[in-house]
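Participant: All chains should be built: construct the whole structure from the sequences, respecting the hints.
Sequence positions in the sequence shown follow mature numbering (1 follows the signal peptide of the UniProt record, and there is no 0) and run -17 to -1, 1 to 129.
Everything labelled a hint here was simulated from the structure, so no lab data went into it. Errors might be hidden in some of the hints.
In silico EDC-like pairs for lysine to aspartate or glutamate, Cα to Cα no more than 20 Å straight-line [said to hold, decoys possible]:
| hint | residue 1 | residue 2 |
| --- | --- | --- |
| 1 | K63 | E45 |
| 2 | K59 | D27 |
| 3 | K47 | E94 |
| 4 | K59 | D118 |
| 5 | K15 | D27 |
| 6 | K59 | D37 |
| 7 | K109 | E12 |
| 8 | K63 | D118 |
| 9 | K70 | E56 |
| 10 | K70 | E94 |
| 11 | K63 | E50 |
| 12 | K109 | E50 |
| 13 | K63 | E94 |
| 14 | K63 | D37 |
What follows is a set of in silico ranges between Cβ atoms, one per label pair, in the way DEER data are often shown [to be verified]:
| hint | residue 1 | residue 2 | range |
| --- | --- | --- | --- |
| 15 | V60 | Q11 | 17 to 23 Å |
| 16 | G93 | V49 | 25 to 31 Å |
| 17 | P67 | Y38 | 32 to 38 Å |
| 18 | L31 | R71 | 17 to 23 Å |
| 19 | R29 | P119 | 19 to 25 Å |
Computed from a predicted structure; not experimentally measured. Where is the CB? At the ideal position from N, CA and C, for every residue including glycine.
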Amino acid sequence: MKRLIFAVAFIMLVATAFGQKRISATNQELQKFCTNYVNYIRTDSRTLVALLIDYPITVSIENKQVEIKDFQELLKVYDKVFYPAFKRIILNSSFSNYRYMDGYLVTANGELFICNANNPDAEGTKFKIFAVHNDPSFYYSNGIFK
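Facilitator: This is how it looks when you write it as structure tokens:
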């Protein structure tokens, strides 16, 4: 019985140590990615924001769910997806309030879900935004928009 307890404790210790090391390195890379996309939104660098999206993606436009197939399509409706109040939420969020959920990084209020990019781009972006939850009714009903 003592051996079984020791074996389980040892496995948990080793697994935790490896998990912490991996997450710590990933946190630095993710924080850099998040800092970049927040700066792109702050400076209204639409092209750079659009490059960080994993397509196709479904977003809310005028209370309808709309699938955006590619980069060019997003640029055409950028102001309807990243409207001023939604951008303020993203700009006021802090990386320290982001959380991991089911293997993804999620912003504080669940506005953006970030995942590993299947194919890192030429600039080495290892992550993509694969979900944008921009429906205003969600934010009003939860007191985030006032």
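Participant: Would you pick out the hints that fail for this structure and give their numbers low to high?
Facilitator: Hint check: 12, 15, 16 and 17 fail, others pass.
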